[in-house]
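Protein chains in written order, with the numbering used here: chain A, 123 to 416; chain B, 36 to 301.
Please keep in mind that the hints were generated in silico from the structure rather than gathered at the bench.
Any given hint could be a false lead.
Okay, the calculated beta carbon distance ranges per label pair [claimed, not checked]:
id : chain 1 : residue 1 : chain 2 : residue 2 : range
1  : B       : Arg128    : A       : Arg409    : 39 to 45 Å
2  : B       : Asp256    : A       : Ala367    : 19 to 25 Å
3  : B       : Ser188    : A       : Ser168    : 36 to 42 Å
4  : A       : Glu218    : B       : Ala259    : 38 to 44 Å
5  : B       : Leu291    : A       : Ala140    : 45 to 51 Å
6  : B       : Arg128    : A       : Glu124    : 21 to 27 Å
7  : B       : Arg286    : A       : Gly299    : 29 to 35 Å
8  : B       : Asn94     : A       : Ile297    : 20 to 26 Å
In silico DSBU-like cross-links for lysine-lysine, where the CA-CA straight-line distance does not exceed 35 Å [stated by the list, open to error]:
id : chain 1 : residue 1 : chain 2 : residue 2
9  : A       : Lys259    : A       : Lys277
10 : A       : Lys259    : A       : Lys190
11 : B       : Lys130    : A       : Lys190
12 : B       : Lys225    : B       : Lys130
13 : A       : Lys277    : B       : Lys130
14 : B       : Lys225    : A       : Lys259
15 : A       : Lys259    : B       : Lys130
16 : A       : Lys190    : A       : Lys277
Backbone N, C-alpha and C define an ideal beta-carbon position, used for all residues, glycine too.
Read off the chains here:
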Amino acid sequence: MESTERQQRILGETDAAAWVESGMTIAVGSPPPMALVRQLIRRGVSDLTVIDSGLSLDLLIAGGCVRKVVSYYAGGGFGVAVAPSFRRAVEQGEIEVWECEEGILATGLQAAAQALPFLPWRGGVGTSLPQVNPDLKLMTDPIGGETLIAVPPVKPDVTLLHAATADPYGNVQHIGGPGWLDLFLHRAADRTIVQVERIIANEDTRANPWATTIPSVDAVVRAPYGAHPYYSRGFYVQDQAHLQAYVSAANASARENRPDDLVHYLATYCRQPATHADYLERVGIKRLLSLYEY
Amino acid sequence: MSQDYTLQELMAVFIARDLRDGEVLRVGVAMPVVEAAVRLAHVMHGPNMELIFLGTRMNVAHLHSLPMPAFGWDRRVVRWAESYSDTGHRFDRVKDWHQHVFFIGGVQVDRFGNSNLIGVGPDYRRLRFRGPGPVGTATLTTHVGRYYIVLNSHTPRTLVERCDYVSAFGWGTGGADARRQLGLPGGGPKYCVTPLCVMDFAEGDKHMRLHALHPGVSQADVQAQTGFDLTTSQPVPTTPQPTPEELHVLRTRVDLAGLLRSTKGE
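Next comes chain B alone, as it looks inside the complex (with noise of 0.2 Å):
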């Protein structure tokens, strides 16, 4: 079957689809599938969702295309908000972010969902790879109610047994409780979405598992691009593709300058 949309874009819907109306959806920089995601689920089932961008609170349903920034940093996305704040309100009222979502990437990501943004290599003093650093993602995974991984490369060196720092604790080294015994209140990591597959968290030990697989994309595929054993026993489902209306308001009303279609699907 041929498909007509990009990784990129069955990621975003993916995405979309699992984002509730009401939801305070919290987008960090640099990561045009995520931002894609929470304005479909905004049009398509969320005019009552805020979108919480650099800093700026905005709820722009009504808006027949909505604004995606131009680039990391664009701050003239403030012109769309209700309401800005700096640093030091965002990481305010931490006692209210049950209610929100978070997305995070990560330079490693392990089997128990925790996320590393410091660096590669055993020494910390001479790190092989420097990564940029942990942004907020060490405050944000520690209070949200959920929060989604998602990269845009699913390979052996990001999917890791175990990460070399970890920058986000997401279940530590496995265990339902582990994130309780901590003290950490949010809910931890829901899904980890790459271009290969959607994992989520097995209840009971919390090690990351195959959820869906995209289209034709095997186990075997997942497996040998993933640094850990990633064994189901259960048959994975194909991740639901988009439906022409979902494409048409993402390519239409979302994504108008094509950022998630520079790269055709397989």
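Bound-form chain A, shown alone (with noise of 0.2 Å):
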């Protein structure tokens, strides 16, 4: 399209959200984009490959978004020790696995935003890794006959991420930092949609270029509270209560064979609420205040 103007690129989170498609590969950030990932359950999306760790990954299974796993931590926390849905799944032979770890997922992150065919590791060598994920080979290295891991590129399709701030031409600025993974997961993809909690003028961006952490994402999507039940630095901490009732009720259902209140989780938090205001609403205001940094 022909334009005299500059694009913005402000998306609303349905038409974000459309950008994934069944059996692509995702990578999800830290704090996870949760606004963006309630969509795709809403979308029924399905057969995806995720990059992700935690109760965010664990949501996507449960909701039946996913085929396979590439991840080095699926924690769940609260008393569980492996997060519910992925270790049912997993245990039934519903997913596979990518089987990595912390240095081997950035390494073939890495290797991928420099289309380069494989990056060697060294962490990991002495492992079962190379054997349960046959896609990590042991190599000679060439200079000094060392034994190193080859670890092949990992590209997302598309990688989630939510953050402070962004203008409307896709410049974000994070308080405190990006997350983990995070620019490795951006740097690798395709493209990067990112939520944040407020949108800024391209004027606010241009007073402190220094502090633009990602610059020119390919979307942008204001969701205020959009992480929720997990954290966004600088503006609410993580609800401990509404997490502690997800993994009783994923937990309930992996372990116990009672689904109900999963199936009543994933209704009313992701399938129903068609938009991100309308969850909001669903968990009310006085709790979401109640979720102050300090």
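The task is to assemble the complex, starting from two chains supplied on their own in separate frames and drawing on the hints.
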């Protein structure tokens, strides 16, 4: 489309989530962009390969979206050592795991970003990782003859992130720095969508360009409280009671064959609310305002 | 003799005494004994220690009460940090990690200190128990100067002859040069600390052996709960008990919430 004006990159969460199609590889940042994650479940996307850890991964599995998991950690919390839906689905053989480790995953994402066929990494030499994940190849370093692991590119079609602010042209600024693997997930991906607490003016970006953590992402979604029930630094802490309720429901479904609470959770918080604002109404303003940081 | 401390406090004090001032201590999630141990060492004798937790690097020895995370992923700890790093930066400068100390758990740990966080069962495609995954343990244990295996249960299912899968290499199938042969620069596991005892690794073949028994625990008790042969020739000492000062500091400056006091020692 010809235009004489610079194109804004603000999208509604439903339009943005529609970028993700069944069968794609997606990556989910930290804190998880839960407004977008819930939209994927609502849309009934399936057969995804998901690069994620923790309970956002678990929710996507519970919501039926996942065929394959690329994860270095799927912990549960609240007395549950392993994310319940992840554990059940893997034990039942319903989903496949691309077994990796934090350093190995970062290396694979870096290889994708740099358009390399592989990058070497030492962590994992001597372990079972190359056996349980045949894509990880033991190699002999051609210079010094050392044994290393060749990690192939890990390349998301779409990366979904949450951040504090962005301007209409996709310049993202974090409060407290980007999470865990966010910059890797962005650099490796074909396209990145970032949901933010606030959209700021381009003048504000230019007033402090050093603060821009990710320039020029493909889409910006305004989602205040969008990481709920997780935290958003500078805005709110994570909602322990809500997360605990989810873990209990997922655990009852996975371990005790009592799926009612999980079915109810998915309906109430993921499938019925048409928009993020509808979700927030269900959580309730008193609960949201109780999650202040200090 | 009646005990006025819990097993978890005993474990934390043992670990704390083994940490030296100036060390960089890298702590993972959901390990309250370790979180308490590094903070206790920090205020007792480690004003130059650096604590790395959830990407935050802190020195908080000057605080009267040291922040403990309230839950596994309590990212509010960043408020005490002097710097924060994402994975890219945390996994940079591994060349310097020989000065760092790490702590690891495991679904299974075998007689040579290899750790398994992947899962249990002969068929990887249909695991009987799916674990949480390796987190960053393969990389950290490859490079750090030394690490501690810390378990909150000691049974024949957790301490096994051979891990079904190895996600962090300790001493492989044994031998003091096992790590050097693979080119792993780190120093390997030093101790395995459990609710029953402390174990170390024999100099020659690096198999796990008894180092100290917690008060009231016999060698036979430990052997009965261990999935491999723990024979040792010498009499095994008792794990040193916490001093009143250590317990006072632990309870009034570190573990104010009583995470380590929730179960009383035997």
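Looking back at the numbered hints, which does the structure fail to meet, lowest number first? 2, 6
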